[in-house]
Amino acid sequence: MRSADPVPLVVFVVGAPGTGKSTVVRHLAEHLRCVEFLSGEVLRRTAEEDTEIGRAVADRLSRDETMPVALYCRIVRRELGRGRHAGLVFDGFPRTLEQCLAIPAVLDAAGMPGAEVLGLSLHVPPAVSIDRIRRRNERAEDTAHEARTRLRTHARRAADIATAFAERWPYVEVDATARVDRVVRAALVALSRQVERVAERG
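With my numbering applied, the sequence shown corresponds to residues 1 to 202, in that order.
Note that these hints are calculated values from the structure, not bench results.
Heads up, the beta-carbon is just placed ideally off N, CA and C, and yes, glycines get one too.
Do not rely on the hints blindly, as some may be mistaken.
Claimed, not checked - Derived DEER-like restraints, expressed as beta-carbon distance ranges:
1) R78 x V7: 21 to 31 angstroms
2) G114 x H31: 19 to 29 angstroms
3) E65 x H145: 17 to 27 angstroms
4) T149 x G81: 28 to 38 angstroms
5) R134 x E30: 25 to 35 angstroms
6) T153 x L71: 11 to 21 angstroms
7) D160 x P6: 29 to 39 angstroms
8) R26 x T153: 19 to 29 angstroms
9) R84 x H31: 12 to 22 angstroms
10) P125 x V172: 12 to 22 angstroms
11) V172 x A86: 13 to 23 angstroms
12) H145 x R84: 41 to 51 angstroms
Generate coordinates for the entire structure from the input sequences, incorporating the hints supplied.
Here it is, written out as structure tokens:
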């Protein structure tokens, strides 16, 4: 008799700008043997396309607006929905309460409706976030003024996201001030504890 396939794992990594989400996601995906989904990178690449979906994404990005759930799901389906994955690690999603509540739709779009969901929130002091954003200086919005604006926006949304996520799935917070290897190690420990608790309940 064929044994049941293992339940795939999907980790959603959230945090303010400058918390190092993308870097942490890459390391987590490697350690967990999962596929990384860097939302910002995928959206910027999509916005360069001369297509209906590309123009829709470009318009949102130009106005610094979050992606509607339906549009985000279309992008996820196009990027991930064709294959089978042992797991996924999302960077930069959810950014709003609406997006958080739509996680089941995102899992469907990724072809993983029965996945085990975990949330990881990265935290650093605002001054550290601003300093990191200014030093990386990759994009035009990476100025101190814009950084403070983005941090205020994140702060307004973060509590609602944390509450809604924790009511539905395991959710852990990790201090991301230290070197990336230490942050990744702390994240892996926190996530493994949550996986064990889920297994015990099951």
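Structure-based check of each hint:
About 24 angstroms separates the C-beta atoms of R78 and V7, a value consistent with the hinted range of 21 to 31 angstroms. Range check, G114 to H31: Cβ separation about 23 angstroms, and the 19 to 29 angstroms hint holds. The hinted window of 17 to 27 angstroms between E65 and H145 holds, with their beta carbons roughly 19 angstroms apart. Distance hint check: the CB atoms of T149 and G81 are about 34 angstroms apart, consistent with the given range 28 to 38 angstroms.
A hinted range of 25 to 35 angstroms for the beta carbons of R134 and E30 is consistent with their spacing of about 28 angstroms. The given range of 11 to 21 angstroms is respected by T153 and L71, whose C-beta atoms sit roughly 19 angstroms from each other. Our hint of 29 to 39 angstroms for D160 and P6 holds, since their Cβ atoms are close to 32 angstroms apart. About 25 angstroms separates the C-beta atoms of R26 and T153, a value consistent with the hinted range of 19 to 29 angstroms.
Separation of R84 from H31 is about 20 angstroms and conforms to the stated range, judged on CB atoms against 12 to 22 angstroms. A C-beta distance of roughly 19 angstroms is found between P125 and V172, which places it inside the suggested range of 12 to 22 angstroms. One distance hint, 13 to 23 angstroms for the beta-carbon pair V172 and A86, holds here, with the actual separation near 21 angstroms. Range check, H145 to R84: about 45 angstroms between beta-carbon atoms, so the 41 to 51 angstroms window is met.
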